[in-house]
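There are 2 protein chains.
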Amino acid sequence: MIKDKSIQAFLDELAGKAATPGGGSAAAVMGAMGAALVSMVANFTVGKKGYEAVDAEAAELLRRAESLRRQLTEMIRADVEAFDGVMAAYGLARDTDAQKAARTGAIQAALKKAADIPLACAALCAEVIGLTRPMAAIGNKNVISDAGVAVLAAEAALRSAALNVYVNVGAIKDEAFVADRRQRLEQILAGSEALTEEVYALVKGRL
Amino acid sequence: MIKDKSIQAFLDELAGKAATPGGGSAAAVMGAMGAALVSMVANFTVGKKGYEAVDAEAAELLRRAESLRRQLTEMIRADVEAFDGVMAAYGLARDTDAQKAARTGAIQAALKKAADIPLACAALCAEVIGLTRPMAAIGNKNVISDAGVAVLAAEAALRSAALNVYVNVGAIKDEAFVADRRQRLEQILAGSEALTEEVYALVKGRL
Numbered sequence: 032m033i034k035d036k037s038i039q040a041f042l043d044e045l046a047g048k049a050a051t052p053g054g055g056s057a058a059a060v061m062g063a064m065g066a067a068l069v070s071m072v073a074n075f076t077v078g079k080k081g082y083e084a085v086d087a088e089a090a091e092l093l094r095r096a097e098s099l100r101r102q103l104t105e106m107i108r109a110d111v112e113a114f115d116g117v118m119a120a121y122g123l124a125r126d127t128d129a130q131k132a133a134r135t136g137a138i139q140a141a142l143k144k145a146a147d148i149p150l151a152c153a154a155l156c157a158e159v160i161g162l163t164r165p166m167a168a169i170g171n172k173n174v175i176s177d178a179g180v181a182v183l184a185a186e187a188a189l190r191s192a193a194l195n196v197y198v199n200v201g202a203i204k205d206e207a208f209v210a211d212r213r214q215r216l217e218q219i220l221a222g223s224e225a226l227t228e229e230v231y232a233l234v235k236g237r238l
Numbered sequence: 032m033i034k035d036k037s038i039q040a041f042l043d044e045l046a047g048k049a050a051t052p053g054g055g056s057a058a059a060v061m062g063a064m065g066a067a068l069v070s071m072v073a074n075f076t077v078g079k080k081g082y083e084a085v086d087a088e089a090a091e092l093l094r095r096a097e098s099l100r101r102q103l104t105e106m107i108r109a110d111v112e113a114f115d116g117v118m119a120a121y122g123l124a125r126d127t128d129a130q131k132a133a134r135t136g137a138i139q140a141a142l143k144k145a146a147d148i149p150l151a152c153a154a155l156c157a158e159v160i161g162l163t164r165p166m167a168a169i170g171n172k173n174v175i176s177d178a179g180v181a182v183l184a185a186e187a188a189l190r191s192a193a194l195n196v197y198v199n200v201g202a203i204k205d206e207a208f209v210a211d212r213r214q215r216l217e218q219i220l221a222g223s224e225a226l227t228e229e230v231y232a233l234v235k236g237r238l
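Respectively, the protein sequence lines represent chains W and F.
Just so you know, we're using this note's numbering here: the first sequence kicks off at 32 and counts up by one.
Just so you know, we're using this note's numbering here: the second sequence kicks off at 32 and counts up by one.
Misleading hints may appear alongside valid ones.
Same chains, same label: a pair holds when it works inside one copy or across any pair of copies.
What the hints assert, rightly or not - List of simulated lysine to aspartate or glutamate pairs, EDC-like, C-alpha gap at most 20 angstroms:
| id | residue 1 | residue 2 |
| --- | --- | --- |
| 1 | 48 | 88 |
| 2 | 144 | 211 |
| 3 | 172 | 91 |
| 4 | 235 | 217 |
| 5 | 36 | 112 |
| 6 | 48 | 224 |
| 7 | 143 | 205 |
| 8 | 172 | 115 |
| 9 | 235 | 147 |
| 10 | 48 | 91 |
| 11 | 48 | 97 |
| 12 | 172 | 228 |
| 13 | 144 | 115 |
| 14 | 48 | 86 |
| 15 | 34 | 44 |
| 16 | 48 | 83 |
| 17 | 143 | 105 |
| 18 | 36 | 105 |
| 19 | 143 | 112 |
| 20 | 143 | 115 |
Honestly, the hints are just simulated from the structure, not real lab data.
Build the full structure now, drawing on both the sequences and the hints.
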């Protein structure tokens, strides 16, 4: 499993001559780091002296951040598989008309999956960004900069995932599918940049 | 070595109850991912048909990106060590006046190192951002979205490192040191956001 590779090996493969892992997996790793840092701030808040009033809220943020972290970690692998699926479809035989039609159908189906994985990744990242705001507001001041890193990582992951959606829908012929996914993506992106800057400013103010 | 840990283990430790690894290491990982993705786009450009005219430029970008990647990967460990140095200094004995003076000196020295590591990380990330612009302009269109993910990762890393500089200079009493490092940081940050948006738009336009 790609999540079991060392950071060094992952970076080496990212930099290398193979198409996977690529930006889609990098986006999932960044999103998972964002969720992990929300968890870290929550872990320094739950049960800590001076933070009794926000204990339950921090515990709930921790629970939600850990759920998002698990799902985003899963996306690292899912993105590679989706891309490999597209490559496999392009590699199908195209000697006869029947083969050509089957290959075209397989490519289109694989591209839809390759668009839906980063779209799901983007939605998870937007949820992480949503958690950083309350976490930055109530979290332990000693580690509050980590809430700032969390929102920056999640926002970079969200916009990175968006690029991977754009790439894949660009080759999809089903116009209704493309319009639907583009609309969903714009809804996910809407407001995330402003919220990120709000959280960053909130963190800087509490440093 | 922390870079030899698996992605899963790194994320678990990031999320956990220990102060390290924290946002400083996460910033270094994101910066290294940015550099790795510049290398990936360069690797898909050097020696590729249709990109003969930019071959030498892409090879030079690859060389510089790999150098930055090595330095940023090293920063993952350096940030943990610098933080641990601060914690160790805070833990020194303070029973006598001499011990108290020695402890204060040790804390201040450790904080200076803990500010200079993320400052160096920020400078490296700014260099990565600088590489993404020519890479996005000349790189193989098939992997151009990865140049977009590269710039987003590097910019998130830069701003994350900046938060860690702010945190540490906040506790440093040497006003000349603080003023100098703040000035250097602002110089590094200046223009990076605008350049990031420029590269992102360039990538979106080439998708």
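Now for the hints, and whether the structure bears them out:
Taking the shortest Cα distances, residue 48 and residue 88 sit within 20 angstroms of each other only across copies (17 angstroms), while inside one copy they are farther apart (46 angstroms). For a Cα distance limit of 20 angstroms, the shortest separation of residue 144 from residue 211 inside one copy, 14 angstroms, qualifies, whereas the shortest one across copies, 51 angstroms, does not. Taking the shortest Cα distances, residue 172 and residue 91 sit within 20 angstroms of each other inside one copy (18 angstroms), while across copies they are farther apart (44 angstroms). In this assembly of identical chains, the alpha carbons of residue 235 and residue 217 lie at most 20 angstroms apart only when taken from different copies (14 angstroms versus 28 angstroms within one copy).
In the homo-oligomer, the alpha carbons of residue 36 and residue 112 lie at most 20 angstroms apart inside one protomer (16 angstroms), although the nearest pairing across protomers, at 23 angstroms, exceeds that limit. Neither within a single protomer nor between protomers do residue 48 and residue 224 lie at most 20 angstroms apart by alpha-carbon distance, with minima of 33 angstroms and 29 angstroms respectively. Taking the shortest Cα distances, residue 143 and residue 205 sit within 20 angstroms of each other inside one copy (9 angstroms), while across copies they are farther apart (57 angstroms). In this assembly of identical chains, residue 172 and residue 115 lie within 20 angstroms of each other by CA distance solely across copies; the values are 18 angstroms between and 44 angstroms within a copy.
For the homomeric pair residue 235 and residue 147, the shortest alpha-carbon distance between copies (19 angstroms) is at most 20 angstroms, but the shortest distance inside one copy (35 angstroms) is not. Taking the shortest Cα distances, residue 48 and residue 91 sit within 20 angstroms of each other only across copies (16 angstroms), while inside one copy they are farther apart (42 angstroms). Within a single copy, residue 48 and residue 97 get their C-alpha atoms only as close as 33 angstroms, which misses the 20 angstroms cut-off; across copies the closest is 13 angstroms, which meets it. When the C-alpha separation of residue 172 and residue 228 is checked against a cutoff of 20 angstroms, the pair qualifies only within one copy, where the shortest distance is 19 angstroms, while the shortest distance between copies is 31 angstroms.
Proximity of residue 144 and residue 115 under a CA criterion of 20 angstroms is satisfied intra-copy only: 11 angstroms inside one chain copy versus 44 angstroms between copies. In this assembly of identical chains, the alpha carbons of residue 48 and residue 86 lie at most 20 angstroms apart only when taken from different copies (15 angstroms versus 48 angstroms within one copy). Taking the shortest Cα distances, residue 34 and residue 44 sit within 20 angstroms of each other both inside one copy (13 angstroms) and across copies (14 angstroms). In this homomeric assembly, residue 48 and residue 83 come within 20 angstroms of each other (Cα to Cα) only across copies, at 17 angstroms, whereas the closest approach inside a single copy is 52 angstroms.
Taking CA atoms no more than 20 angstroms apart as the test, residue 143 paired with residue 105 passes inside one copy only; the shortest distance there is 19 angstroms, against 39 angstroms between copies. Taking CA atoms no more than 20 angstroms apart as the test, residue 36 paired with residue 105 passes in both settings, with 14 angstroms inside one copy and 18 angstroms between copies. In the homo-oligomer, the alpha carbons of residue 143 and residue 112 lie at most 20 angstroms apart inside one protomer (13 angstroms), although the nearest pairing across protomers, at 45 angstroms, exceeds that limit. Taking CA atoms no more than 20 angstroms apart as the test, residue 143 paired with residue 115 passes inside one copy only; the shortest distance there is 13 angstroms, against 47 angstroms between copies.
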